[in-house]
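Knowing the structure of chain W, use the given hints to seat chain Y on it.
The listed protein sequences derive, respectively, from chains W and Y. Quick note on my numbering: the first sequence kicks off at 1 and runs consecutively. Quick note on my numbering: the second sequence kicks off at 1 and runs consecutively.
No false leads were slipped in.
Copies of the same chain are indistinguishable here, so a pair counts whether it falls within one copy or spans any two.
Straight-line distance between alpha carbons at most 20 angstroms, and here's what the computed SDA-like set of lysine to any residue pairs gives:
id: 1; residue 1: K18; residue 2: G70
id: 2; residue 1: K127; residue 2: R164
id: 3; residue 1: K166; residue 2: A59
id: 4; residue 1: K154; residue 2: F47
id: 5; residue 1: K8; residue 2: S107
id: 6; residue 1: K133; residue 2: L119
id: 7; residue 1: K166; residue 2: G52
id: 8; residue 1: K159; residue 2: E27
id: 9; residue 1: K121; residue 2: I40
id: 10; residue 1: K151; residue 2: S107
id: 11; residue 1: K24; residue 2: R164
id: 12; residue 1: K8; residue 2: L157
id: 13; residue 1: K151; residue 2: N41
id: 14; residue 1: K8; residue 2: C108
id: 15; residue 1: K17; residue 2: G52
id: 16; residue 1: K24; residue 2: M156
id: 17; residue 1: K159; residue 2: L135
id: 18; residue 1: K133; residue 2: S84
I should point out that these hints are in silico values taken from the structure, not numbers from a laboratory.
Protein chains: 2
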Amino acid sequence: MDALGLIKTRRAIRRFKKEPVSDKQIEAILEAGRWSPSGINNQPWRFMVLDGVRKNFLAEYTVYSSIVRGSDKVILVFLDRGESYHYEKDLMAIGACVQSMLLYIHSCGLGACWLGEILNKRAEIEKLLAIPKGLEMEALIALGKPAIIPKAGKRMLLKDLLVRPKTKVKG
Amino acid sequence: MDALGLIKTRRAIRRFKKEPVSDKQIEAILEAGRWSPSGINNQPWRFMVLDGVRKNFLAEYTVYSSIVRGSDKVILVFLDRGESYHYEKDLMAIGACVQSMLLYIHSCGLGACWLGEILNKRAEIEKLLAIPKGLEMEALIALGKPAIIPKAGKRMLLKDLLVRPKTKVKG
Numbered sequence: 001m002d003a004l005g006l007i008k009t010r011r012a013i014r015r016f017k018k019e020p021v022s023d024k025q026i027e028a029i030l031e032a033g034r035w036s037p038s039g040i041n042n043q044p045w046r047f048m049v050l051d052g053v054r055k056n057f058l059a060e061y062t063v064y065s066s067i068v069r070g071s072d073k074v075i076l077v078f079l080d081r082g083e084s085y086h087y088e089k090d091l092m093a094i095g096a097c098v099q100s101m102l103l104y105i106h107s108c109g110l111g112a113c114w115l116g117e118i119l120n121k122r123a124e125i126e127k128l129l130a131i132p133k134g135l136e137m138e139a140l141i142a143l144g145k146p147a148i149i150p151k152a153g154k155r156m157l158l159k160d161l162l163v164r165p166k167t168k169v170k171g
Numbered sequence: 001m002d003a004l005g006l007i008k009t010r011r012a013i014r015r016f017k018k019e020p021v022s023d024k025q026i027e028a029i030l031e032a033g034r035w036s037p038s039g040i041n042n043q044p045w046r047f048m049v050l051d052g053v054r055k056n057f058l059a060e061y062t063v064y065s066s067i068v069r070g071s072d073k074v075i076l077v078f079l080d081r082g083e084s085y086h087y088e089k090d091l092m093a094i095g096a097c098v099q100s101m102l103l104y105i106h107s108c109g110l111g112a113c114w115l116g117e118i119l120n121k122r123a124e125i126e127k128l129l130a131i132p133k134g135l136e137m138e139a140l141i142a143l144g145k146p147a148i149i150p151k152a153g154k155r156m157l158l159k160d161l162l163v164r165p166k167t168k169v170k171g
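Just chain W, with the same shape it has in the complex (with noise of 0.2 angstroms):
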């Protein structure tokens, strides 16, 4: 598959079958990740991978609860706030490390689904985890073998997307 079809056919999966991911497989998919681009090249993610009971006591923190337990093992991702060098950057660039994540993780008949409702519970679950001062959990991701694989999201048109510039300028 090409890039776009990869790009186009990735869903959120939200239901796993009980089939493990293995330890090489987590390894790829982090360096997936690693490889993304970032800011003066400050890489400011770093990146947690919990499963069993571990995983499973994140479910108490998220209305997604179900799908955090369904998953294998899911992925924190953190912003290293002493790394980070403009705030608004550094979280563009976790962004594209989820995707570059997301993406591999599809390559590979894999799935995955991206939660951020779990932040409303950062504080707690930043304690519990006894998560080092400075790392700043911005993203969940939970993974597994999809069980199910959802039809298309809609998108809007990208003629809706595109701003015309209005300007003085000349083209």
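Just chain Y now, kept in the frame of chain W:
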């Protein structure tokens, strides 16, 4: 090339050949951005494509003027604050959208550089381009046919990006 290879071989391209990027290619690049994930699927990204004089005047607003001038086209990526539901998450969605476009650009033999430094002149540029109120410029993607493909940038080791859980929750 597989998805991990694509992610790992993408480079920031700063020197371009004098060859045009077709409208069809631009449309496919924006299509890659359009199919990115966003929180509550709010699709907060908006795009403006500039070339010629309109592109080149932007070169005056960045220290990376040669990249802007040498590129065939630039894509400005905006956050629509009117569609924003959570600023941090929306910025991550914009980052995911940019990465989708960068990966697609790379996959079809084109090259791009994600410029953030130009945000220092955000207010001036938004005024000069008469950007509608509520749209906030977040990124500039300069693109074209690569003239020089740099070696891989450095990345931290995976072991230094991994945070181990230290918690009383038993794994």
